[in-house]
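Novice: In the order they appear, the protein sequences are chains W and S.
Under this note's numbering, the first residue of the first sequence is numbered 1, with each subsequent residue one higher.
Under this note's numbering, the first residue of the second sequence is numbered 1, with each subsequent residue one higher.
Just so you know, these hints were derived from the structure itself, not from any lab.
Only a predicted model underlies this, so the values are computations on that prediction, with no experimental measurement involved.
Even glycine gets a Cβ: it sits at the ideal position worked out from N, Cα and C.
Watch out, some of these pointers could steer you wrong.
[What the hints assert, rightly or not] PhoX-like cross-link-like pairs, simulated, lysine-lysine; straight-line CA separation at most 20 Å: (1) W:K374 x W:K422; (2) S:K204 x W:K255; (3) W:K51 x S:K161; (4) W:K398 x W:K370; (5) S:K122 x S:K34; (6) W:K398 x W:K4; (7) S:K197 x W:K51; (8) S:K122 x S:K78; (9) W:K9 x S:K161; (10) S:K78 x S:K161; (11) W:K9 x S:K204; (12) W:K398 x W:K369.
[What the hints assert, rightly or not] With beta-carbon atoms standing in for the labels, derived distance ranges: (13) W:R95 x S:Q71: 42 to 50 Å; (14) W:R95 x S:P62: 47 to 55 Å; (15) W:K168 x S:S59: 23 to 31 Å.
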Amino acid sequence: MSAKTLYDKLWDAHVVRQEDDGTALIYIDRQLLHEVTSPQAFEGLRMANRKPWRIDTNLATPDHNVPTTDLTGGVASITDPVSRIQVETLGMNAREFGITEFGMGDIRQGIVHVVGPEEGATLPGMTLVCGDSHTATHGALGALAHGVGTSEVEHVLATQCLIQKKMKNMLVKVEGQLQPGVSPKDVVLAIIGKIGTAGGNGHAIEFGGQVFRDMSIEGRMTVCNMAIEAGARVGLVAVDDKTVEYVQGRPYAPKGDDWDAAVTAWMDLKSDEDAEFDTVVEMDGSKIEPQVTWGTSPEMVLDVNGIIPDPEKETDPVKADGIRRALTYMGLEANTPIKDIPAEYVFIGSCTNSRIEDFRAAAAVLKGKKVSDKVEQALAVPGSGLVKQQAEQEGLDKIFIEAGFEWRNPGCSMCLAMNADKLPTGKHCASTSNRNFEGRQGAGGRTHLVSPEMAAAAAVAGHFVDVRDYL
Amino acid sequence: MEKFVKMTAIVAPMDRANVDTDAIIPKQFLKSIKRSGFGPNLFDEWRYEDVGEPDSDNSKRPLRKDFVLNQERYQGAKILLARENFGCGSSREHAPWALKDYGFDVVIAPSFADIFFNNCFKNGILPIVLDESIVDSLFDEVHAQEGYELTVDLDKQVIVKPNGETIRFEVDSFRRHCLLNGLDDIGLTLQHEADIKAYEEKRKQTAPWLFAGK
Ligand code: SF4
Chain W
1 MSAKTLYDKL WDAHVVRQED DGTALIYIDR QLLHEVTSPQ AFEGLRMANR
51 KPWRIDTNLA TPDHNVPTTD LTGGVASITD PVSRIQVETL GMNAREFGIT
101 EFGMGDIRQG IVHVVGPEEG ATLPGMTLVC GDSHTATHGA LGALAHGVGT
151 SEVEHVLATQ CLIQKKMKNM LVKVEGQLQP GVSPKDVVLA IIGKIGTAGG
201 NGHAIEFGGQ VFRDMSIEGR MTVCNMAIEA GARVGLVAVD DKTVEYVQGR
251 PYAPKGDDWD AAVTAWMDLK SDEDAEFDTV VEMDGSKIEP QVTWGTSPEM
301 VLDVNGIIPD PEKETDPVKA DGIRRALTYM GLEANTPIKD IPAEYVFIGS
351 CTNSRIEDFR AAAAVLKGKK VSDKVEQALA VPGSGLVKQQ AEQEGLDKIF
401 IEAGFEWRNP GCSMCLAMNA DKLPTGKHCA STSNRNFEGR QGAGGRTHLV
451 SPEMAAAAAV AGHFVDVRDY L
Chain S
1 MEKFVKMTAI VAPMDRANVD TDAIIPKQFL KSIKRSGFGP NLFDEWRYED
51 VGEPDSDNSK RPLRKDFVLN QERYQGAKIL LARENFGCGS SREHAPWALK
101 DYGFDVVIAP SFADIFFNNC FKNGILPIVL DESIVDSLFD EVHAQEGYEL
151 TVDLDKQVIV KPNGETIRFE VDSFRRHCLL NGLDDIGLTL QHEADIKAYE
201 EKRKQTAPWL FAGK
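For reference, chain W alone in the conformation it holds in the complex:
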């Protein structure tokens, strides 16, 4: 038997049927549902008089449209009628089809990509889909996970399968040890800076090497979350003891004999020693610095001590044009040091960085300090009700509040302009989210992607700074 990559193993274990033209029918073990991409899928089922193939594989929670302020009014407290209808519809569909939903007000409600792993609903070796591109997050647990469209959501509901073609294998290998103050977010931003937003197109990326072995599961999720920003629908990290330890005891995790059998099976979820990858990228982890994006694509990223590029010095006319357009949108001048960019808004949250570790890391920077009065709003938004609870038990909420942050309820919040939390036109935001596209956080808003530590330090300084000076 020839050597296999982790992706090969996960794929092979889920092929229901293989056609001659390379398409395959792939079995899906878990589907996560949220309010934006599921309504027409349920409607489609209803119109065709179909039932979900396996109800117990689905788990729903609203996140994109959920307000992060007072939630005591429940769904009715959503003022935007379109948002409210979407959230209500998810609840109605879940009830009609008998699907478990963590609705508004449930302590387990939150961003789907935080909720899945937290509940143990994401397990190593699974195939998992969700109508959301950041589903790649779940690959951190050695699951084959990727985003799908609404028609595919319906397809999985009805058949428990997806029609797919196999992707290519890419290995991103980062060896060495990270410097203090350098986080998983910096690692993934540095990777995207190196390979570009199309670098992973058509590939499943496995993140390997000492840096990822040393990384916590939360950190691995941050990295896999942004695989899609490097063009790859799938990000993966091999299973190890940390993975098993993370999963153990979670509500949906296997129990008893099942647990022992599962752990044995999961230990094989790594690429064989001599497995071949179509593409290999190698980086030295000890050289990665804290990162800040300056433009309107995640690949427009620099070390915090960097200087914004000059389109006049760019020889490729297409790239020069891209830089010019980004600078205009961002309201920035070429050759400006990153550290001179103001941080008028600060957002710590999103499925990239809203887990307990992220708040611990940010709180360590904020402790005993105040948010600069140049900052107009600083938001801390936990990824789920349980993350919020845990943070409060650790007293982290107090650190944020005393520093001048607003401590909010779980949801996607200012990651995207779909709920009430929006970045105003022209304002610069230090954001721990994953996309800095034009208008992503609000029409005309200017996003700078950073780690939670870097966001906290920027909040204190009122502009971007090297967090290592604050530790």
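Starting from the known structure of chain W, arrange chain S with the ligand on it as the hints suggest.
Specialist: Same frame as chain W, but now just chain S with the ligand:
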């Protein structure tokens, strides 16, 4: 999806070129969480005197009497006769959803926009491309004769006129197969139901925890 084999129905003439998806279903209706119920808003701007909103009661809105679908003689039409480049504009799947929901099963035109053309098949609508000259003569006949009906036989790939004349049409064999058997992508996958079940049985042995419920 329902099977489409052969049907006979009244033909409604949509005598303009480049009918875009925004005309087929205006954008204020896209916020809907459904893919049914778009029928009353099909061609909304042309059909009603006022501007429709998603929450309007369509039965109370004033109709434009001269609009083709509002005319008595075209009530119950299931075949839409159209001009070139029908369905251009955005890729919204709401356009075929609206046509289907209104009752159209067939659209005949000299040419269609690509994405719309594909979206039709996915939603159980048969788009038929015919020579411009044939479409011209069909328009003449539809206008001339009240109650004009065509028979569309997908199995034989012919259209039969009231006088018995036949017009042959081409259709992709895979798409034809799907429509004849009422198969959408889901329907196709469900043809492999036995394979899926066999996979599940095997998987229950090797990974029982994935079937433990909860
Ligand atoms: S937090 Fe942002 S990226 Fe993540 S699911 Fe929500 S909107 Fe999407």
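Novice: Against the 20 Å threshold, does the CA-CA distance of S:K78 and S:K161 hold or violate the hint?
Specialist: Satisfied, since the Cα-Cα distance of roughly 15 Å is no more than 20 Å.
Novice: Kindly confirm whether 42 to 50 Å is satisfied by the beta carbon distance between W:R95 and S:Q71.
Specialist: holds (44 Å)
Novice: Between S:K122 and S:K34, is the straight-line Cα distance small enough, at 20 Å or below?
Specialist: Judged against 20 Å, a Cα distance of about 16 Å means the pair holds.
Novice: Regarding W:R95 and S:P62, is the given constraint of 47 to 55 Å on their beta-carbon distance met?
Specialist: violated (39 Å)
Novice: Are W:K398 and W:K4 close enough, with their CA atoms no more than 20 Å apart?
Specialist: violated (49 Å)
Novice: Does S:K78 lie within 20 Å of S:K122 when you go C-alpha to C-alpha?
Specialist: holds (18 Å)
Novice: So if I understand the rule, the pair passes when the alpha-carbon distance is 20 Å or less; does W:K398 with W:K369 pass?
Specialist: holds (12 Å)
Novice: Holds or violated: are the alpha carbons of W:K398 and W:K370 at most 20 Å from each other?
Specialist: Holds, at roughly 12 Å.
Novice: Against the 20 Å threshold, does the CA-CA distance of W:K51 and S:K161 hold or violate the hint?
Specialist: Violated, because 41 Å separates the two Cα atoms, which is more than 20 Å.
Novice: Does the structure keep W:K9 and S:K204 at a Cα separation of 20 Å or less?
Specialist: Holds - the C-alpha atoms of S:K204 and W:K9 are around 18 Å apart, at most 20 Å.
Novice: Range first: 23 to 31 Å. Now tell me if the beta carbons of W:K168 and S:S59 are that far apart.
Specialist: Once the Cβ atoms are compared, 55 Å apart, the range 23 to 31 Å for S:S59 and W:K168 is violated.
Novice: Between the alpha carbons of W:K9 and S:K161, is the straight-line distance 20 Å or under?
Specialist: violated (58 Å)
Consistency with the previously given hints fails for numbers 3, 6, 9, 14, 15, ordered from lowest to highest.
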